[in-house]
Each structure stands twice: as structure tokens, then as C-alpha cells.
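Trainee: Each chain, letter by letter, is given below.
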Amino acid sequence: MSPSGTFSRRSAIAFTMSPPDLEHLRARGRWPLPNRPRVAIVGSRRPSPYGEAVAEQLGTDLAKSDVIVVSGLALGIDAAAHRGALNGGGVTVAVMGTGVDVVYPAAHFRLAEEILAAGGALVSQFPDGTSPRRQNFPARNWTMAALSDVVVVVEAGEGSGALITAEAALDLHKEVMAVPGSIFSALSVGAHALLRDGAGLVQNARDILSILGLVGEVLDDPLPAPNRLGFALLPERDGLVAHLSDVLALSAADVARKLQLPVSEVLGRLTALELDGAVRRHGAGYIRALRRGKERA
Amino acid sequence: MLAGLEARHVEVQADSANGEAKFLLVGLAATSVKEARERVRSAIKNSGLDFPQRRLTVNLAPAELHKQGSALDLPIAVAIALTQIGKAPPHRSAFLGELSLDGAVRHVAGVLVAARWLRKRGYDRVFVPAVDAAEAALVQGLEVIPCTNLAQVVGHLVRGPAIEPQPPTEPVIEHDLEASDCDLAEVHGQDEARRALEIAASGGHHLLMSGSPGAGKTMLARCLPGILPPLELAEAMEVAQIRSLLGDLAANRPLDWTRPFRAPHHGVSMAGLIGGGAGLALPGEISRAHHGVLFLDELAEFQASVLQALRQPLESGRVAITRSAGAVTYPARFMLVAATNPCPCGWAGDGLRACRCTPAVIDSYQRRLSGPLLDRIDLKVGVKRVSLEALASEPLGEPSAPVRDRVIGARRIQLERQGCLNAQLKPARLRQLAVLDSVARRTLERWAEQRGLTARGFHRAWRVARTAADLDGSDHVAERHILEALGYRLHDVAA
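Chains W and P, in that order, give the protein sequences.
Following our numbering, the numbering of the first sequence begins with 1 at its first residue and continues without gaps.
Following our numbering, the numbering of the second sequence begins with 298 at its first residue and continues without gaps.
Keep in mind the hints are simulated off the structure, nothing from the lab.
In this text, a Cβ means the ideal position worked out from N, Cα and C, and glycines have one as well.
Since no wrong hints were added, every one of them can be taken at face value.
The following label-pair restraints were derived from C-beta to C-beta distances:
hint, chain 1, residue 1, chain 2, residue 2, range
1, P, Q747, W, K64, 31 to 37 angstroms
2, W, A107, P, A482, 44 to 50 angstroms
3, P, G770, W, Q260, 19 to 25 angstroms
4, P, Q609, W, A106, 31 to 37 angstroms
5, P, M567, W, L201, 56 to 62 angstroms
6, P, S602, W, R257, 38 to 44 angstroms
7, P, A568, W, A107, 39 to 45 angstroms
Calculated from the model, a selection of chain W residues having no Cβ within reach of chain P, i.e. all distances over 12 angstroms:
hint, residue
8, L22
9, D101
10, Q203
11, G213
Simulated coverage check for chain W against chain P, where a stretch passes if three residues somewhere in it have a Cβ under 8 angstroms from a Cβ of chain P:
hint, stretch
12, 246–256
13, 269–279
Whole structure, please, built from the sequences with the hints as guidance.
Mentor: The structure is reproduced here in C-alpha cells:
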């Protein structure tokens, strides 16, 4: 795709950035990285459950194919990608916008430890002790692109930092790919703009592997849906779940209207489902949970 | 003299003695009272009465009580006039009123409060400014003498009764309240918020609405007075007393049956919201909202300290304020209805428009709505923007009238069962009156454990469930009621 994207507001920052010096990165863990293909998975810090599930699944599948998963240790898509790679038994690298000794957000302390324990690394272009500063993150995004062979964008709203990573990747002649989302979701705008401009379509990990030359053919079959809950719901409640989406939150009133039921009853049933871990609150509404009980970090 | 919703008795003694013509006023009088000297002197002269050309001492007893306000003008002037004429003051009578220089008796605040207190203390008669007479005559068993000017009052006292007592103001309950400025029929969609509003109105619960700008939070709140029952007589009297203190009562219609709806701006000061002022505190917005609704729009924009101060009244329904001249307690049993954006830009969780706030910013924005305050709010509901095409169509919402009938029905059940609304039930009575079946209990306990519900939150959810059951006409609280109540305990304002 051409670098003349639609996200020009951020481009001004992006293009004034010089390519980072990869020789002088600070690192904790295994460094330099083993000589294997590297894929960055980036996206929103507040994704939908759909985006999170996609990032985690891709992380796992890539890790199983011995690909190193690169991401930024941030909330949301980043954490899901790291987590997925760890679940797949793979090596993952967190490119940090702080000093390598400053885990940000602090809630990801354990995740950082696990990355190290699994033979991955935390790297940063900033001196030790650097605290999180807004102006440092675009530079970090460039480093992430520079360290990777392919950048995959999963759910990035307008103006998302993930789009800086994508632009940096173009500038550095790296491949950019994107996962489509719902056309109803504001979180899809960034990834869809990339796809419109020629980014590679990601429907499953094989799409990425084929770009890396690891598998010969591109298949059109979508990712298998993640095993949703692993337990059976009461049938009366399950019926309600079918009316919920895993991308867009529906309010109790929306569902009640659809089913022609009183809102008080639907709200009660949704609460019961929430108690069971089958649905989650999302904004002013409810969304189908894709994994049981695991709270977003 | 008034001290909050209590009054203090001040005896005015006047004595004229031989000596240089001088007017002394003693007895710990504040500036507003000292100025009475000048007003009283002119008023007496301009009423065609003699002002003593001797050494005049006016004593305000008890001497240690700090006195303030202009209501002492009339008693001082009457005392002087009677001393001059040599007549004893009437028995078991009280006077209050401010004088203007020409002798006219002017309005003072708090006449109703003073009259009630005088009645309780066994007084027979009170002389009040004519404009405030209807207000004072709300008190049964007290003769109210409306005073227009000083000459008339003195004539009445010296030459025998000339002023007709004010006939008692009969509290006539007006059933057809003025149409509220918002009707639920005008609200598009928002079924969840409507239901929450109905539950809140039925049980007197506090409500928080969270949603993007323009989602309709303010309009929903403004519909609330229209679905509440009119005030009861005792409630209307309490509301009238607060308004009387603030000089806010309509002269021709002292009792108002509409529940108060107060919506202070988020710039409101602590004194403005809670009550305050120099000397003794005056009631603030929370007391003006007594028996009604306190609507706080843009909750996160209020000063943190001001919101903190809401916590005590939210629990106890009253507020105690200490100022230099002493402590007063005002009732403040209001329904709190608050509205907030989910984040500073307002679009978090909107779905249609992207939010530009970072998670850290949203976090700190929401933390401003301190946990303890949110914990005291029983119902939290997200309000979603309605699409433009839906707005253009005819709203299909249920109008306020049937909702109000259901609210009144549910309130009647509560008052008959326990003499108060569910929101005011103490935990012990709640256990007694809102028995949970075993399934409902297990569900509530499971939720409490999973979400780390505080004991307060636990009981609040239980109370809301009681109200849901009352709206349902159900004696016991079933699982569906608990589940619905828990549905309104959003822990997260945005997400």
C-alpha cells in the first residue's frame, strides 16, 4: 500500500521520526532474538472482546509456527497478543515505551515476568528508569515496526497508535496486514482504512505465514471460533446469548425490544448470564464473552 | 429568633429613666440588630407616636444569646411604645417583623418556623408582617395578627383589638399538579433508564445515569417530578418550613404540593449545596430538595470535597452543620439523581463516535466520582444515544401518568407495610420485610462474593429488589427481583 493513507493527522509526527537505531536497544531477557520470523500484533488498548480474541488466537497460532510475536505490552490487543503467544508456548517480545525496568501499565508486571520466563525479551530504546511519557510512544511504535517482518493491525480506531506502527512499517518497507472488524464498530475504522489502501487481509494465521513464505497457500477459511465457555448454560438463558454480539454491545433495552420482553426481565436474565461469565458489560450494554471468567487486564 | 428549624425566645425589655436623651441597646446584638435602633426611632416618630426624650435602655434577654436578624425590629418598637404609654405587654404573645422608616411592617424569613415553635411553647398569639400571615396561619391553634404598620399594632394593643386575626390557612391538597415540564411520552426509547427511573421513584432510591452528551440524561431526570406522588401534608409542612427560612414561600400559596426538584450547577460551593453562611447555617440545596429530587448533572465536574460532603446526608437523611453561632440540623431526605459522561470527551462506550481519552484519563475521571459515593447510589444505568432517525419519528414511550400510578401503588404498599420507603429500611427490618427465597439469597451472595460487594452495596441491592418486588405486587423477593437489582449495580461507569 502507498504511504498516502487517510490517517494524515498522525503522519506528521510519524514522518519526522528517523528510523530507530536497533544496535543500541536496552534489553532484559534473551537478546538478541533467535533468527526467526517476527510478527508485530498491534491494536487498540480498549478493544472489543472480538478483537481481543482475534489477537490472542493469532498470537497462539503464530507462536506454534515458531514465529516470534512482537507487541508493546500495552492494555488490550498488545496484552492479548503476548498472552496468546505464551499460551502457544512461543517466544514473545515486548517493545516498551518506558525504560526496560519500568513496566507500564503496572498491572502487566506478571505478564512481563512470564514473557521473560518463556525465553522472550523486554526491549526499549529509552534509558533505564524512563517513566511513561506520551511523546515517547510514537518512537516506540517505530521500533516495533523495525524489529518485525510483518505488522498486523487488529482493531484500531481513528488516530490509534497502531496506525503509527503501520505507517512506520511502510516507511521501513515492511509488510502491513490488517484484520477486518465489524462495519458498525468505531474500532474497525483504522484497520479498514489500511485494507482499503492495500494492506494484506488477515483471516487466520496462515494468511500471515504465507506472506512470511512459511506456508504455500492462502486459505479463505475463517479462524475457528474460540471455544466459548466450556460449560453448559441453562437452556432458557442460552437463548438470550444467541441474541448478543461479541463485537458490539447491546443494551438490555435493545435485547428486550428484539425479543418483545419486558426490560426488567431481560436485565435480570442478562445479570444471571453475567454471573455465569457468559456475557460481559461493555459500556452501557452487554456483549457475549468469548472466554470464561478471564477479566481483561 | 430562629436557629435553624428551631427558634429561640428573645424577651425585649424597655426602660426609660431620667437622664440624657440616649438610646441604648444591650444584649449581644449583631450589627443587623444594632441597626434596629435607627429604624425603630424613625418608625416610631413617623407613626405619630412619641419617642422617649429620656435615657432609654432596651435589653434583649437572655443576654448570652447571640442575636441577629431584623425580625426584632417590631418587638423592640412595640416595647418602647408601650413603655412610653405605660401599658403592660400582652400575655403569651410574640412579635416578629422588620420595620421600614415610615413604620410599615416588612416581610421576614422563617415566620412559619417561628409560628410552629411558638405554638409548641404554649403561646396564644403571634404578631407577624401581613405579607407573612398566611404562612403563619398554617399553624393550627395559634392566633395570627397580620400587621401592616406600627401605628396599627400599637393602637390594637392600647385601645383594644382592632385588627382581624388571620383566618387559619386550610391545607387544601391540590390533586391536579401543574403539568411537569417533561413527560415521559416525549422520551425516545431508553427503556432501561425509564425502568430505573420508575424503580427509583417507587422506592426513593438514588440513581446515576451515565452516557454520552445528548443521550437524554437531563430530560429523563426532568421527567422524575411528573411520576412522583404529591407531597403528604406533613411533608409539605417540612418543605414549607425550609422555604420559609429562606424567605422563599409564595405569599398567596404557602403550601406547595409538588415535590421539590433542585438542580444546582456543578460550580456550587459546599455552603450552597450542604448549607452554610455566617453565624448559624442556612439550609443548602440538599435541604431544599427535602422530600424531593436533587439532580446533579455532570457529577464528575463537582468539587471532590463537595461530593464527599454528600455522603452523610445520603445515609441519614439529615445534615448537621456547625458554624460560629452554633450547630443546626436540617432535614435532607432527598432522592439523588446524578448524570455523568463516561469520560472527559464523553464518547467512551458510545459505539458510534470514537472516544479520544486514554484509559488512564478515563480512570482518573471516574475515580473522581469516589467509590464511597458510587457505593451509596442504588441504581446505575447506562443511557445510550438514540439514533437520529429514531428521534425524527414519533416517540412511542409510555406517558408519565400510568407510570405515576404504578409508583403511587408501590409507595402505598411500602408505607402500609413499614411506614417508610424501601430506601430508608434499616438492615434488620429489611431482613424481616424482604425475605429472600433460597435461590434469590444464593444469587445475591454469589454476586457479592464475585464482585466484592460491600455490606452497604449488598443491602442497597436488596432494597432495590424489594422495590422491584413491590412494583410486581409480590410479597416475597424472588430471584428475578434480585437479578434485576444487581443489573443496576454497574461497577464501571464507562468500560
